[in-house]
Amino acid sequence: MRKLFACVVAAVMAVTATPTLAETPRDTLVIAFQIDDIITLDPAEIFEFSGAEFAGNTYDRLIGYNHEDVSEIFGVAAESWTISDDGKTYTFKMRQGVTFPSGNPMTAEDAAFSLQRAIILDKTPAFILTQFGFTADNVADKIRATDDMTLVIETDRAYAPTFVLYCLTATISSIVDKKTVMEHEVDGDLGHKWLRTNYAGVGPFKLRQWKPNESLTLDRNDDYWGGAPAMKRVITRHIVEPATQQLLLEKGDIDIARNLGPDQLESVRSNPDLAVQDGVKGAVYYLGLSQKNEALANPKVRQALKYLVDYKGMEGTVVRDLMRVHQAFLPRGFLGALEETPYTLDVSKAKQLLADAGYPDGFKITMDTRNTSPILEMAQSIQATFGQAGVDLEIIPGDGKQTLTKYRARNHDIYIGRWGPDYQDPHTNADTFARNPDNSDDAKSKPLAWRNAWDIPQMTKMSDAAILERDPAKRAALYLEIQKAHQVTSPFVIMFQQTEVAATRADTKGFIIGPAFDDNRYHEVTKN
Amino acid sequence: MTEGVDSREPAGRGFSSLSLPRPLRLTINVIVSVALTFLGLLFVTFIIGRVVPIDPVLAIVGDRAPEHVVERVRIELGLDLPLYQQFVIYVGNVLQGDLGESVLTARPVLDDIKRVFPATLELASVATLLGVLFGIPMGVLAAVNQGRWPDQVIRVVGLLGYSIPVFWLGLMGLLLFYATWDLVPGPGRLDFIYDDMIDPVTGVILIDSAMAGEWDIFWNAVSHVILPASILGYFSLAYISRMTRSFMLEQLSQEYITTARVKGVKEWRVIWVHALGNVRIPLVTVIALSYANLLEGSVLTEIVFAWPGLGFYLTQSLLNADMNAVLGSTMVVGAVFIGINMLSDLLYKLLDPRAR
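Here the protein sequences come in this chain order: A and B. 206 is the number that our numbering gives to position 206 of the first sequence; each next residue is one higher, with no gaps. Throughout, our numbering is defined as the position within the second sequence, counted from one, plus 1000.
Honestly, the hints are just simulated from the structure, not real lab data.
BS3-like, lysine-lysine: derived pairs with alpha carbons at most 30 Å apart: (1) K351/A / K300/A; (2) K509/A / K211/A; (3) K193/A / K1114/B; (4) K193/A / K401/A; (5) K1114/B / K211/A; (6) K1114/B / K401/A; (7) K364/A / K401/A.
Here are some of the chain B residues that sit facing chain A, going by a computed Cβ distance under 8 Å: (8) L1058; (9) G1062; (10) L1104; (11) P1308; (12) Y1313.
Where a beta carbon is used, it is the ideal one built from N, C-alpha and C, also for glycine.
The task is simple: from the sequences and hints, build the whole structure.
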């Protein structure tokens, strides 16, 4: 249907005269984007893509990194920092003369409060900070302002410094205006209820209005210490339908369309008024093979299935522009990422492996698949190639939350999924793909390895050791070793790494698509 | 309190239906049956919502939450309680006017409904207006020309309206009228430069802007609503014109029509006054039903036209098992159906002397 429509659009566009152009105001950026995933604006709770993008543009953190080379870490709200010799104490000097839009000056007390608050509220992303030994009870001691401009953070062990620093660049580490937030406190909620729909931070932009499922409007912060952005206002409109986004962009009613598919991007590329830009994202797409299933628990079967995916074929068709072949759990751009891609579609090899495993005629298996593009198309391709070796794959389509509920309960055979890192350190993915401290049904921690019932005491130990290695080169070597073993033995068929693509008007420049979702920035955008 | 006021309060006297005057008894009957309908509606929705294989906690905490956070939120939502207890608590809250909070929008469900329902109301009303304005004359025309070419043409137009997916029709409408011919503006309820320039009093932009005397905004809103309303209206036009045709055919074969013609009444009068006059009563039901259907929100039209209405809100909430929002929206839909039913009953009584 969508394809057919794209063809009709192209045909009608071709035979009719160029329509008159609508235009958005010079100092206003208008974006069409699916933003219905925003369920909160409180940075202590935000864990959604669009929410993270909001926080990235409106809330400064202590430190940040270069989106083109994440190994370059620099100060943002903090001017500088030092790490003690025992590797457990981080001391930050705050930037002088920064004020919140409320007029309150930003101090080390705000920074300490923000981190303490995130840990006490203990919302979903809080684990990013609590993994360093902070609890609601000890956080007042461990994270504290020693004077107006000095913040001290004490971790429980001597972690790899970049591990700690990257976690302080995550959305949850955003700095909120303590005074404003506490003015809205109700029943000791640290202003959470209020901040879910409001704003109290400092950044290049500030919140003007959020209408759920409709629009998110940001205004420029004219007094931003890093210089005011060129755009006075950024309006993100929730436009679900990609075909509608394309029409709006072609007409000039929006400046950036964020959810176009491969066919539409092709038509955008051929239009001189429009441009396409992309950025490598950290998310990987994978198949999770449940080890509760007898066939899938056989190592040779797991190997065979890795040879039964048409990686190159999909890269050129259903996921063109959107993904690149990648077969290790650390995405490109991360410390120690393994870039080798040893697997290709090799039906005869897979058949041999299946015969060795005792399944010469293949077997029947189901795959829980969310019914959205391009996941569904990928599933169909996999179904076809599995079939070539006699593996009869039944696709069980479902809504996202529905398939996820089943996956989390370990009731699947195969799950086709996507995993994005939570912060820029390799531990974020090692923690879920290569760590499973307790494989029992009522385990406390339920990483992806647990969901697929993969019991790996040895690899768990290796992953735990890697976060304590303070030498970056040695640490990278550890991760390479884990990934190499993982690539061969794991029940994860890692297939692709995501590329985020945006179609823009040709005169709209400077939109940044960074590696994480809170790295998508508007402050350098200009329109001529 | 005076004696007079007191006598009107049924609770003040021993509640005996026999001692109550008839209008009061009728009112009580209506209230009781409406209340029971709502309770049943809530109960069924609640049960469906709780047995769907979606974990409501997921919508709040996402895929990555540690187990202790998942458990805490489960308890906060009251999901650890037995089903009947959850239901009783919910109904108790509703009776106090508290529909709860939506987890997807972080706001009270009532606020959300106040925001999304007027958008749907606006779209559905304009659509129904268009459907009636064009559907009835087309139906009459088809009936009068039964079997001849106008009938055939109207039949085809109607069938197309009924069978083309509204999604496709919407996209083609945008492609032609917006992108190619530039006759209407793009999706959304207003050009974004007018966004938040008008205070939502009723939430229906057409009414709010007219009341404020902001005619720029009014005409902008009209130009935005016209295409999606035509697409939706086309659908109800198809239905209304088919029904009008068959009602009219039935009337035109009646003896009183022949009598009128024999008496020399002008043909247009016979058709538009005598026959159509008798058709208006069943037509009211047809129009009311089609209006009520549109008021549930049309999720596909809303998606294509980025129209922030009830259909999209309800669908989103369902897919995320956001139960407060689902139950709240269901009550709105229920209220709409009950309200429109009562309204059409009332119209019956006005239009048909026998029903008085």
